[in-house]
Structure formats: C-alpha cells, structure tokens
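Undergrad: Now for the letters of each chain:
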Amino acid sequence: MTTEHPVNRRWSMRQRDWAVVFWMSFLAASAGAFVLFGLVNPLDVVNVWADEFSIGVRLAYGLTFAFLYLICLLASSLTMFMIRTGPSSGHVKGEGGHSIPDIQDPSQSNPDLDGENWK
Amino acid sequence: MSQQQDAGDSLYRKDPKVYPRDVKGTFASLRKFAVVALLGLYYVLPWINWSGHQSVLFDLPARKFYIFGTTFWPQDFIYLTLMLIIAGLSLFFVTAVAGRLWCGYACPQTVWTEVFLWIERLVEGDRGKRIKLDASAWNSNKILRKTSKQILWISFALWTGFTFVGFFTPVRDLSHSIFTLQLGSWEAFWLLFYSFATYGNAGILREQVCKYMCPYARFQSAMFDKDTLVIAYDENRGEPRGGRSKSVVPTDKGLGDCISCTLCVQVCPTGIDIREGLQIECIACAACIDVCDQVMDKMGYEKGLISYTTEHKLGAKESHVFRPRTFVYAFLLLSLTVGVFWSINHRVLLRADLLRDRNALYRELPDNRIENVYTLKLINMDFKPHQYRIEILNNNDMVLLISPEPDLEPEEVGNFILRIQAPASAGRGSVKLDVRFSTMEEPIIERSVSTRFLMPFD
Ligand code: SF4
Ligand code: SF4
Numbered sequence: 000m001t002t003e004h005p006v007n008r009r010w011s012m013r014q015r016d017w018a019v020v021f022w023m024s025f026l027a028a029s030a031g032a033f034v035l036f037g038l039v040n041p042l043d044v045v046n047v048w049a050d051e052f053s054i055g056v057r058l059a060y061g062l063t064f065a066f067l068y069l070i071c072l073l074a075s076s077l078t079m080f081m082i083r084t085g086p087s088s089g090h091v092k093g094e095g096g097h098s099i100p101d102i103q104d105p106s107q108s109n110p111d112l113d114g115e116n117w118k
Numbered sequence: 000m001s002q003q004q005d006a007g008d009s010l011y012r013k014d015p016k017v018y019p020r021d022v023k024g025t026f027a028s029l030r031k032f033a034v035v036a037l038l039g040l041y042y043v044l045p046w047i048n049w050s051g052h053q054s055v056l057f058d059l060p061a062r063k064f065y066i067f068g069t070t071f072w073p074q075d076f077i078y079l080t081l082m083l084i085i086a087g088l089s090l091f092f093v094t095a096v097a098g099r100l101w102c103g104y105a106c107p108q109t110v111w112t113e114v115f116l117w118i119e120r121l122v123e124g125d126r127g128k129r130i131k132l133d134a135s136a137w138n139s140n141k142i143l144r145k146t147s148k149q150i151l152w153i154s155f156a157l158w159t160g161f162t163f164v165g166f167f168t169p170v171r172d173l174s175h176s177i178f179t180l181q182l183g184s185w186e187a188f189w190l191l192f193y194s195f196a197t198y199g200n201a202g203i204l205r206e207q208v209c210k211y212m213c214p215y216a217r218f219q220s221a222m223f224d225k226d227t228l229v230i231a232y233d234e235n236r237g238e239p240r241g242g243r244s245k246s247v248v249p250t251d252k253g254l255g256d257c258i259s260c261t262l263c264v265q266v267c268p269t270g271i272d273i274r275e276g277l278q279i280e281c282i283a284c285a286a287c288i289d290v291c292d293q294v295m296d297k298m299g300y301e302k303g304l305i306s307y308t309t310e311h312k313l314g315a316k317e318s319h320v321f322r323p324r325t326f327v328y329a330f331l332l333l334s335l336t337v338g339v340f341w342s343i344n345h346r347v348l349l350r351a352d353l354l355r356d357r358n359a360l361y362r363e364l365p366d367n368r369i370e371n372v373y374t375l376k377l378i379n380m381d382f383k384p385h386q387y388r389i390e391i392l393n394n395n396d397m398v399l400l401i402s403p404e405p406d407l408e409p410e411e412v413g414n415f416i417l418r419i420q421a422p423a424s425a426g427r428g429s430v431k432l433d434v435r436f437s438t439m440e441e442p443i444i445e446r447s448v449s450t451r452f453l454m455p456f457d
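Sequence order for the protein chains is A and B.
Residues 0 to 118 in numbering that gives the first Met the number 0 are what the first sequence lists, from first letter to last.
Residues 0 to 457 in numbering that gives the first Met the number 0 are what the second sequence lists, from first letter to last.
By construction, these hints were calculated from the structure, which means they are not laboratory data.
C-beta: ideal position from N, C-alpha, C; glycine also.
To give an idea of the chain B side of the interface with chain A (calculated C-beta under 7 Å), a few residues:
#1 ARG217
#2 LYS245
#3 VAL264
With beta-carbon atoms standing in for the labels, derived distance ranges:
#4 VAL337(B) to LEU38(A): 42 to 52 Å
#5 VAL337(B) to SER106(A): 52 to 62 Å
#6 PRO73(B) to LEU38(A): 19 to 29 Å
#7 ALA221(B) to ASP101(A): 25 to 35 Å
#8 GLY87(B) to SER29(A): 30 to 40 Å
#9 LEU38(A) to GLY127(B): 53 to 63 Å
#10 ALA329(B) to LEU69(A): 26 to 36 Å
#11 LEU354(B) to MET79(A): 42 to 52 Å
#12 ILE416(B) to LEU69(A): 33 to 43 Å
Extracted from the complex, chain A is given alone in its bound form (with noise of 0.2 Å):
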C-alpha cells in the first residue's frame, strides 16, 4: 500500500512522457545547434538571407534553434506514442492484448478436412 504523500503523486504517466519528451529534444537540439555551428558560421548564412527577411545573427541562431528543437520534438514524441499505443500482444500478462493464437491441424476435429489440402 502507498500512502498518500504529495510526492507520491506529483506527475501522471503522460506528464512525465511529455516531460521527457521536451527536456530529451532540448538537449539533442542543442547538441545539434553547437555542431552545426561550429561547422557553419551563421554570418555567412545570414548574409544571403539578409537582403531578403532582414534576419539578424540572433535571430539566425534563434530560429535555427527553434527548428531544430521542433524536429527532435516531432520526432520523440512520436516516438512515445508509438511505443505507448503499441499491441500489448507481446505481454506475458497479455495486458489489453491477446494471448498468441491455438493453431492446431485443420483436420484434427473436422474429418472433412484434409490439411494440407487447404491453398
């Protein structure tokens, strides 16, 4: 029995999901940022793009960011729910799922069915 202390029951399953989720991609998205712009300077990019949107560095690297975060965020959360809405066939409890399906020869209780007869 768990006794009721507010620790207890801070998050719900799907808070702490979501909550992975966001601090996982922030930090991938920043391990990516940091990547790209050591190989990148951002000064060359917004060069180009300068004349037309009027970015500057700040922004580029902002936006930049925030692309690539939304990435990493499209792609774990996915992610959980894939894994969170998956068959649960697999299971031993067969939880929500099925248990593996009794295959046994056509024929075993039908006379009238020859086994291998049946394409």
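Put chain B with the ligands on the given structure of chain A with help from the hints.
TA: Only chain B with the ligands this time, still in chain A's reference frame:
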C-alpha cells in the same frame, strides 16, 4: 541492474515467427492483381519515356522533376507539397470508407512482403513444410533451400534498389554504368541501402513493421467510425465453436458455425486470431475471409462467417457509406485535386528574377541620363524554344538594353545583364518599375516583375 528492471523486461515475451499459409480466393486474387500492377509500375516506369524524358525522374542535381511529361522546377515546389496533401487526403478518405484497404493491398510493405513470401513458398514450400524445415537440423537439403532462397531474395532486393535509384538517375545511364563498373559512389550507396531496406522489411521484419513500427496503423483509429469497413468474425453466428463432421447438424450439438479449424489463424500474415475481435494488428488483408469461405463451402454452410462488414452492421444497425465525414474528405479531396490540376495546366512556363546590381547605386551617363544595372535570370520552363520581349510598363521615357539576346532553348536557364536608362528629369530617389516579360509566340506566357530604379536623391 535492479531486480525490478529485470522483472520489467521479462514481462515481454517475443512473438513467435509467423508462417502464413498460402491462400486462394477472391481477395487473394485481388491482392495478386494489385501486387502485379503496382510493382509492374514501379519496375517498368523508369524505362518508359514521355515527351523526351524518362516518364518519372527526380533529377536532384538539376533540381528538376519530370513526371509524365510535366517538368517541375524548384519554383513549383508548392505543387509537390499540394500533391502530397492530396495523397494524404486520399488515404483519409479511403480509410474512412473502406478501412485499411491501403494496408491490405497497396502498401509497399505488404506488396513487397507478398513477393518475398512467394519466393519463400517457391523454394521452401507452404506453411507446414516451412515450419518443418526450420525445425529440422542442418542438412544438405536445408542448406540448399535456404541458400537458394537467400540468393533469390538478395537478387530481387538488388533489382529493387537499382530501380529505386533509377527514379533519381536516368535509369539507362545507371544500368550502363553498372555494366561498365563505373557506378558513382552515391548511387552505389543508395542502391545498396534501398536493397537492404527491402530485404530487411519484406524478408525479415514483415508483420512486425505493421504491428510495431507503422504510424498509420496507430493514427487510423482517428479516421475510423462505426460505418468504416472492417474485417470481422460474426461471433453470434460462429459461437460456440467446435469441431464436427459435415453430417452433424450444428444446432443439435449446440454449436455455432465456426468449426475451430484455425485456418483463419494459419493464413494470417500478422499471426492473430480474428475471432478475438477487432485488433490493431489486423492489416485487413482478407486472407481469413478467403479461407473461411472455403471452409464454409466445404462444410455446406453459408459463406461470410468472416467478412467485410461495419461495426454498425455487426450490431444489426444500418450502415451508411455517405456520412458527414466521408463528405468532408471527399469534398476537400475533389476541390484540391481540381485546383491543383487546373493551376498546373495554367502555370506560366516562364520564370523571371530581376536583381538590381548591389555594387553601384546608379551611374550618370554623359548625355545627362541615369543608368541602373540589373542581373536578370530567365528560366524557360517550356518544352519549346522562346524569344522573349521585355518592356517597362509604367514609364515610357526609359530605355532598356539587354545582353545577350533573350532567346532560350527548351528548359534553358539564362543569365543576362539588363541596363535601364532614363533621362535625369524622370524622377528623384527610388522609382518603382514594373517590367513585363512575354514571348512573341504564345500570349499566355507572360510575367511581370517589380523592381526599383535609383536616381540621384537631391
Ligand atoms: S476459418 Fe472459419 S471456421 Fe475455421 S476457425 Fe476460422 S472462423 Fe472458424
Ligand atoms: S485477421 Fe484476417 S484480415 Fe486481418 S491480417 Fe489476419 S488474415 Fe488479414
């Protein structure tokens, strides 16, 4: 590792390998037809030419897509996006009406798996033989069959990968470069990559892709309602199930129509038992319908114990094909399709980019005239050569000089220097200019572009 985690892992058991039994029948033929038609298109299309180009070619280096005689330029990206949306909407529509029709007959995963299964069946025999072969010890027969299967699988996968790359590199050049052993490294990479993906997905992973990896399978419940076609077992009619001989009258023994032959389970490519109810794993391939109908025939019972039906019908309620949801999908789909095709047919096959030379504001000419220099990029998106005419619409005093002559071959991109000269009295500061590009031959090809003309400010 903590004990708890061990216990957590051990709660999962591996699903057993599925050995789908071969099935014949109406829906199996339909699927065979779909497989032949779709894969036929896939393997043959790159070899067919259309208006002088490969019928479908995504020429990435040149950034041009050729699709059945229409060329899409980077500027036409919007059309490709819209076509993707159309494809998505079609999927919604079909799903709302007919359920997972896509999964059972048209999904590449299904279609290629089917071919890999054919090969497997050809070499190793049907279900019973395959199970026995897998269980037997390695002997010459097993080695021979397994190697033959692998050779056929790998060859087929390589051909698939080759064709895939053939959609991005002209396929004739590609086959030439393979036979002369001059395949580029990127082409080789993608060829092997796609072959590997085909082999892995259709040969090894199979139903696991549908069960664990496919997002469509999870999202489809949002498109389903109680009038959507699903494949279901008629529980009221079938239960209680049990074996019997043909001569027995089921009701005498208190039996339903299901004779517990488990053939519906044996043919199922995802290894589930449809009699347990609607399941997310069911890809609606209708193999179980085909086989159960044959069993019913053999027993002299009415067909349709497993059938295409709807939840409403199962609950003995009326079922409607036309309902708000399908209307909305159909309406969106129709209007978008018509719109896109209309606009593709009416698109102007000329693209003009006019950029003022950024290095100089303006130049004063000796005869008291002001000159601005522009770089002009013209793209002739047509299949015919064109001569272009350039005019300034909102200013008659200006003179326009262009070099070289704006004549372009079919699909040519031309860069020109455009000089515009105006008398110094024409204005002060920045003047807006509307420049029109048109052809002598076809009035429909016409495009106007606005730009700025700089004059002294004082
Ligand atoms: S194939 Fe038909 S009769 Fe045989 S077990 Fe399945 S539902 Fe019952
Ligand atoms: S339950 Fe029937 S329709 Fe569904 S995947 Fe299995 S065989 Fe195909």
